[in-house]
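Working from the sequences, and respecting the hints, build out all of it.
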Amino acid sequence: MISKQELQQQIAEAAREVRATNPMAGSITNTVTINFVANAQIAVGGSAAMVYLPDEGEFLANAGNATYINVGTLLPIYEKTLPRTAKALHDAGKRWVLDPVAIGIGDMRTKLLAQFKDYKPTIIRGNASEIIALANLWGVAGDGGASQVRGVDSTQAVDEARTAAVALARYTQGAVAVSGEVDLVTDGEAVAYSKGGSHFMTKITGSGCSLGGVCAVYATTAQTPFACAMAGVQVYNLAGARAEAQVDAPGSFQVAFLDQLYKATPEDIAANPFDYEEA
Amino acid sequence: MISKQELQQQIAEAAREVRATNPMAGSITNTVTINFVANAQIAVGGSAAMVYLPDEGEFLANAGNATYINVGTLLPIYEKTLPRTAKALHDAGKRWVLDPVAIGIGDMRTKLLAQFKDYKPTIIRGNASEIIALANLWGVAGDGGASQVRGVDSTQAVDEARTAAVALARYTQGAVAVSGEVDLVTDGEAVAYSKGGSHFMTKITGSGCSLGGVCAVYATTAQTPFACAMAGVQVYNLAGARAEAQVDAPGSFQVAFLDQLYKATPEDIAANPFDYEEA
Amino acid sequence: MISKQELQQQIAEAAREVRATNPMAGSITNTVTINFVANAQIAVGGSAAMVYLPDEGEFLANAGNATYINVGTLLPIYEKTLPRTAKALHDAGKRWVLDPVAIGIGDMRTKLLAQFKDYKPTIIRGNASEIIALANLWGVAGDGGASQVRGVDSTQAVDEARTAAVALARYTQGAVAVSGEVDLVTDGEAVAYSKGGSHFMTKITGSGCSLGGVCAVYATTAQTPFACAMAGVQVYNLAGARAEAQVDAPGSFQVAFLDQLYKATPEDIAANPFDYEEA
Numbered sequence: 000m001i002s003k004q005e006l007q008q009q010i011a012e013a014a015r016e017v018r019a020t021n022p023m024a025g026s027i028t029n030t031v032t033i034n035f036v037a038n039a040q041i042a043v044g045g046s047a048a049m050v051y052l053p054d055e056g057e058f059l060a061n062a063g064n065a066t067y068i069n070v071g072t073l074l075p076i077y078e079k080t081l082p083r084t085a086k087a088l089h090d091a092g093k094r095w096v097l098d099p100v101a102i103g104i105g106d107m108r109t110k111l112l113a114q115f116k117d118y119k120p121t122i123i124r125g126n127a128s129e130i131i132a133l134a135n136l137w138g139v140a141g142d143g144g145a146s147q148v149r150g151v152d153s154t155q156a157v158d159e160a161r162t163a164a165v166a167l168a169r170y171t172q173g174a175v176a177v178s179g180e181v182d183l184v185t186d187g188e189a190v191a192y193s194k195g196g197s198h199f200m201t202k203i204t205g206s207g208c209s210l211g212g213v214c215a216v217y218a219t220t221a222q223t224p225f226a227c228a229m230a231g232v233q234v235y236n237l238a239g240a241r242a243e244a245q246v247d248a249p250g251s252f253q254v255a256f257l258d259q260l261y262k263a264t265p266e267d268i269a270a271n272p273f274d275y276e277e278a
Numbered sequence: 000m001i002s003k004q005e006l007q008q009q010i011a012e013a014a015r016e017v018r019a020t021n022p023m024a025g026s027i028t029n030t031v032t033i034n035f036v037a038n039a040q041i042a043v044g045g046s047a048a049m050v051y052l053p054d055e056g057e058f059l060a061n062a063g064n065a066t067y068i069n070v071g072t073l074l075p076i077y078e079k080t081l082p083r084t085a086k087a088l089h090d091a092g093k094r095w096v097l098d099p100v101a102i103g104i105g106d107m108r109t110k111l112l113a114q115f116k117d118y119k120p121t122i123i124r125g126n127a128s129e130i131i132a133l134a135n136l137w138g139v140a141g142d143g144g145a146s147q148v149r150g151v152d153s154t155q156a157v158d159e160a161r162t163a164a165v166a167l168a169r170y171t172q173g174a175v176a177v178s179g180e181v182d183l184v185t186d187g188e189a190v191a192y193s194k195g196g197s198h199f200m201t202k203i204t205g206s207g208c209s210l211g212g213v214c215a216v217y218a219t220t221a222q223t224p225f226a227c228a229m230a231g232v233q234v235y236n237l238a239g240a241r242a243e244a245q246v247d248a249p250g251s252f253q254v255a256f257l258d259q260l261y262k263a264t265p266e267d268i269a270a271n272p273f274d275y276e277e278a
Numbered sequence: 000m001i002s003k004q005e006l007q008q009q010i011a012e013a014a015r016e017v018r019a020t021n022p023m024a025g026s027i028t029n030t031v032t033i034n035f036v037a038n039a040q041i042a043v044g045g046s047a048a049m050v051y052l053p054d055e056g057e058f059l060a061n062a063g064n065a066t067y068i069n070v071g072t073l074l075p076i077y078e079k080t081l082p083r084t085a086k087a088l089h090d091a092g093k094r095w096v097l098d099p100v101a102i103g104i105g106d107m108r109t110k111l112l113a114q115f116k117d118y119k120p121t122i123i124r125g126n127a128s129e130i131i132a133l134a135n136l137w138g139v140a141g142d143g144g145a146s147q148v149r150g151v152d153s154t155q156a157v158d159e160a161r162t163a164a165v166a167l168a169r170y171t172q173g174a175v176a177v178s179g180e181v182d183l184v185t186d187g188e189a190v191a192y193s194k195g196g197s198h199f200m201t202k203i204t205g206s207g208c209s210l211g212g213v214c215a216v217y218a219t220t221a222q223t224p225f226a227c228a229m230a231g232v233q234v235y236n237l238a239g240a241r242a243e244a245q246v247d248a249p250g251s252f253q254v255a256f257l258d259q260l261y262k263a264t265p266e267d268i269a270a271n272p273f274d275y276e277e278a
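Chains as they are written, first to last, in numbering that gives the first Met the number 0: chain A, 0 to 278; chain B, 0 to 278; chain C, 0 to 278.
What the hints contain is simulated information worked out from the structure, not anything from laboratory work. Being a predicted model, the structure only gives us computed values, none of them experimental. Fair warning: there could be bad hints in the mix.
No distinction is drawn between identical chains; accordingly, a pair holds when it is met within one copy or between any pair of copies.
No more than 20 Å apart at the CA atoms, straight line, and that leaves these computed lysine to any residue pairs for SDA-like [what the hints assert, rightly or not]:
| no. | residue 1 | residue 2 |
| --- | --- | --- |
| 1 | 202 | 15 |
| 2 | 3 | 223 |
| 3 | 194 | 266 |
| 4 | 3 | 74 |
| 5 | 93 | 74 |
| 6 | 194 | 240 |
| 7 | 3 | 270 |
See below:
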């Protein structure tokens, strides 16, 4: 595993490259937070484009360096769009970020998430319950433990998902980010615990979804999946903490948070505190 | 009918229970205001989850204590999703909130709203024109008067819908909330007129939809449908008035309004001024 | 061509009429920015209503004086909804605004945009790449030049689309607005270059979509398509410049921008600086 300092340099480099090149990361994502995802992607320096139809998903998959798939609010057409897009990404060797929102609700969601196993997402972003459930669904963790998903919220602590996250990352050879009070990010070899953030991030909708979209923006760069996932998690924890210092309620927080995503420098993002250890 | 003081205690209790238990209220709602609905539900202390597919609607219906159905922007799949979800709610004895947005536009909307008659929503939330039109569609008011719906806006005053609202509440044995400059809430026995709010609530989209979603959050509690509907209407009028005092334009109002939804205490919500009389 | 002063009077008149009559302009628009479109339409004095289904599109087409069609995030049902709505608008002699977002992505988008040629939108609003691509698709510009669409962003300057914009306006006998650092608006006879705005308008999602929706609101008035498109472009440049003066980041900008849309007077909108010349 690389040193913490090397990782920080890669994080800063991912952030710098995004600011310099304004890369597009297309998304297929839920309608609840789609606006917030787009605004967050733009705030960190990326460009957003969202679609629903199969051939449009394939188009975006090939047009960008990385794509974001969030299964939040499934539509009937997703039965075709999501597998075709994931396959196009896989076949073209393109990076993609998966957010397995609300895994366990409904037949199509389970079927789609099972299909994604073959297309190995570069980064998986979820809360503890979702990461455990995905590892169980894919059968990659010997004993991932029981998942307790309630709607879209996690009922479990981040560290309960450590085994599952490491197993998923080893399977995909990518990175996994588990969101919680402290965020866990792993590439299967190292585990980082990123600090900061704000309790207000659970008082608005879309903190998690938009983090997935921002990870996709960083995933367009030449840095490792681990560094790209960390760049997303770090800028979220940094902006969350800075925004919380300015406000006392969630409406204002959302505005201040987008502002701080925009203002965060690559150096600040890399310097946000995190612990770092072997997996 | 219970005393005003008893009603106020129930309103406060509904708000307290929500703050204490963070209950999930699932929604099938329109894409225009879906983000605002979720953020408002979270701001008052609830948890939000939105879906489109039939089996997912049934899942949420059974997973939560109350569900919100808003017919704002119908999709083709709603022809299956909405009746199946409403039936699941009815069969399980679960509470649900109906917002008959834009009743009268299109064949599917009329057909779906007609079907809902059998599944008796616990709370109906609409503007005056929508409430009159729904009472006419269901044939529950001897003379509900003529409804004048124009797109999604009401062209009629709240009191014109009093007869229709009382008749609907008697039919469903639940509560009906009519939104306007003063809000009328009834359980068919008593009528309350809740005051406050802001003219800016008509200068943003989603005041009504998100109120429906918030009523569903309160409807998860052990209080009566009338007290739950009143809790929603009261916190809206309180937060609206407080937000208006801080701003001079609608963009800022929306932010301040979410902040004030978050800050309102159960006591403040119960104490918001309202008139109270027999139906 | 009319004088600049006459044009300014017509712009002010369009804005005045909207403030006085609160006209509804229905929309079929993308889910990414649908909330922002509605809030912007309301902020300038209009009323918003969004639908997806074919008969609902026809209903709105006939219910309002003008309708907005934005092809941003196509759903399968749009294959029926959009042609039927556009045909209803054309047959009833109603005005409508087309935003050819992301033209070139996917088969359905191209097919729908090709069909719209027969239904002649009253106002076309797009970025330079989209306007050039539409003129090429419709074959109305002898040599519109090559379009370079990347996702939803333009890669070309506004003046590169002048020939295409003028040709489109002559074909539709309506107006065309090309968004960029300076905005070009033409009716095929005159060309106006509207100034102001803010670099933050490219740091949020929906500046363009919501401008299309606001143009539809002004298009409900008795003024010419050119004056209505100019009213929209002018209020955007005015509000953008005023909002930028108040903020230093995009989250705050979006709030301040909606506030300034609301505060702009008809006189201010007409007086926003623009150059004006023969086409």
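So, going through the hints one by one against the coordinates:
In the homo-oligomer, the alpha carbons of residue 202 and residue 15 lie at most 20 Å apart only across protomers (17 Å), although the nearest pairing inside one protomer, at 30 Å, exceeds that limit. Taking the shortest alpha-carbon separations for residue 3 and residue 223, only the intra-copy value of 14 Å comes in at or below 20 Å, while the best inter-copy value is 57 Å. Only within a single protomer do residue 194 and residue 266 lie at most 20 Å apart by alpha-carbon distance; the minimum there is 16 Å, versus 36 Å between protomers. Taking the shortest Cα distances, residue 3 and residue 74 never come within 20 Å of each other, neither inside one copy (42 Å) nor across copies (46 Å).
In this homomeric assembly, residue 93 and residue 74 never come within 20 Å of each other (Cα to Cα): the closest approach is 24 Å inside a single copy and 25 Å across copies. Within a single copy, residue 194 and residue 240 get their C-alpha atoms as close as 9 Å, which meets the 20 Å cut-off; across copies the closest is 37 Å, which misses it. Only within a single protomer do residue 3 and residue 270 lie at most 20 Å apart by alpha-carbon distance; the minimum there is 11 Å, versus 55 Å between protomers.
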